[in-house]
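A.B. asks: As a plain string of letters, each chain reads:
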Amino acid sequence: NAGVTQTPKFRVLKTGQSMTLLCAQDMNHEYMYWYRQDPGMGLRLIHYSVGEGTTAKGEVPDGYNVSRLKKQNFLLGLESAAPSQTSVYFCASKKLEGPGELFFGEGSRLTVL
Amino acid sequence: DAKTTQPTSMDCAEGRAANLPCNHSTISGNEYVYWYRQIHSQGPQYIIHGLKNNETNEMASLIITEDRKSSTLILPHATLRDTAVYYCIVRVAVGGKIIFGKGTRLHILP
Numbered sequence: 001n002a003g004v005t006q007t008p009k010f011r012v013l014k015t016g017q018s019m020t021l022l023c024a025q026d027m028n029h030e031y032m033y034w035y036r037q038d039p040g041m042g043l044r045l046i047h048y049s050v051g052e053g054t055t056a057k058g059e060v061p062d063g064y065n066v067s068r069l070k071k072q073n074f075l076l077g078l079e080s081a082a083p084s085q086t087s088v089y090f091c092a093s094k095k096l097e098g099p100g101e102l103f104f105g106e107g108s109r110l111t112v113l
Numbered sequence: 114d115a116k117t118t119q120p121t122s123m124d125c126a127e128g129r130a131a132n133l134p135c136n137h138s139t140i141s142g143n144e145y146v147y148w149y150r151q152i153h154s155q156g157p158q159y160i161i162h163g164l165k166n167n168e169t170n171e172m173a174s175l176i177i178t179e180d181r182k183s184s185t186l187i188l189p190h191a192t193l194r195d196t197a198v199y200y201c202i203v204r205v206a207v208g209g210k211i212i213f214g215k216g217t218r219l220h221i222l223p
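Chains as they are written, first to last, in our numbering: chain A, 1 to 113; chain B, 114 to 223.
In short, the hints are calculated from the structure, not lab data. Bear in mind that the values here come from a model prediction, so they are computed numbers and not experimental data. Virtual Cβ for every residue (Gly too), placed ideally from N, Cα, C. Accuracy of the hints is not assured; some may be wrong.
[What the hints assert, rightly or not] Covered stretches of chain A (in silico footprint by chain B; criterion: 3 or more residues with CB under 8 Å from a CB of chain B, positions within the stretch not fixed): (1) 25-35; (2) 38-48; (3) 55-61.
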């Protein structure tokens, strides 16, 4: 099992460009999450999904959109990137049943110039 | 989900037990306490969780007070590889939103 895989791992954008981060998990997990982490800060929840076809807002959803068309994939989109969105983005997943733990990807480092 | 309060940073000598506190005074009866850690810029790693009873696994022990308003993560014999940011989270077992705080930055000193 690969676990949680994030694509791409690094990306540089210009202000106003758009892009999509892909998170894929092969553990058949229901829940998936996108977090961002700025230097010296903790993780902040952007959006999450409790199942295929569902999404919900987290703590800092503005400027991002998400989609969960397939159970194994959770996409994070930036329609018009801003320098304030320069960050490291982490995806995570967990199973539905019981008090299961989160499994994280290795992160995607995004720089917006 | 209940909020947690953790010290910003802590030091511990290598080979000694590292005791990381977490306050969760507004925890509800159905909320679990979870601990994760993040080494350098890697994705956070699950350590342990508990509801009421103390828990132990190969990585750490979790001590939860009887009133459940606080807990302590214990790394019994800290090594340099335990230098990381440690996050304490409180949440229900089945639920969507999972919020992380800023965690405690643990420095293991040689």
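A.B. asks: None of the hints should be skipped; say for each whether it holds.
C.D. replies: A quick look at each hint next to the structure:
1. Only residues whose beta carbon comes within less than 8 Å of a beta carbon in chain B count, and the segment 25-35 of chain A has 3; three or more means the coverage holds.
2. Residue count for the segment 38-48 of chain A with a Cβ under 8 Å from a Cβ of chain B: 6. That meets the three needed, and the coverage hint holds.
3. Coverage of a stretch by a chain is defined here by at least three residues with a beta carbon nearer than 8 Å to that chain's beta carbons; for the segment 55-61 of chain A and chain B the count is 3, and the condition holds.
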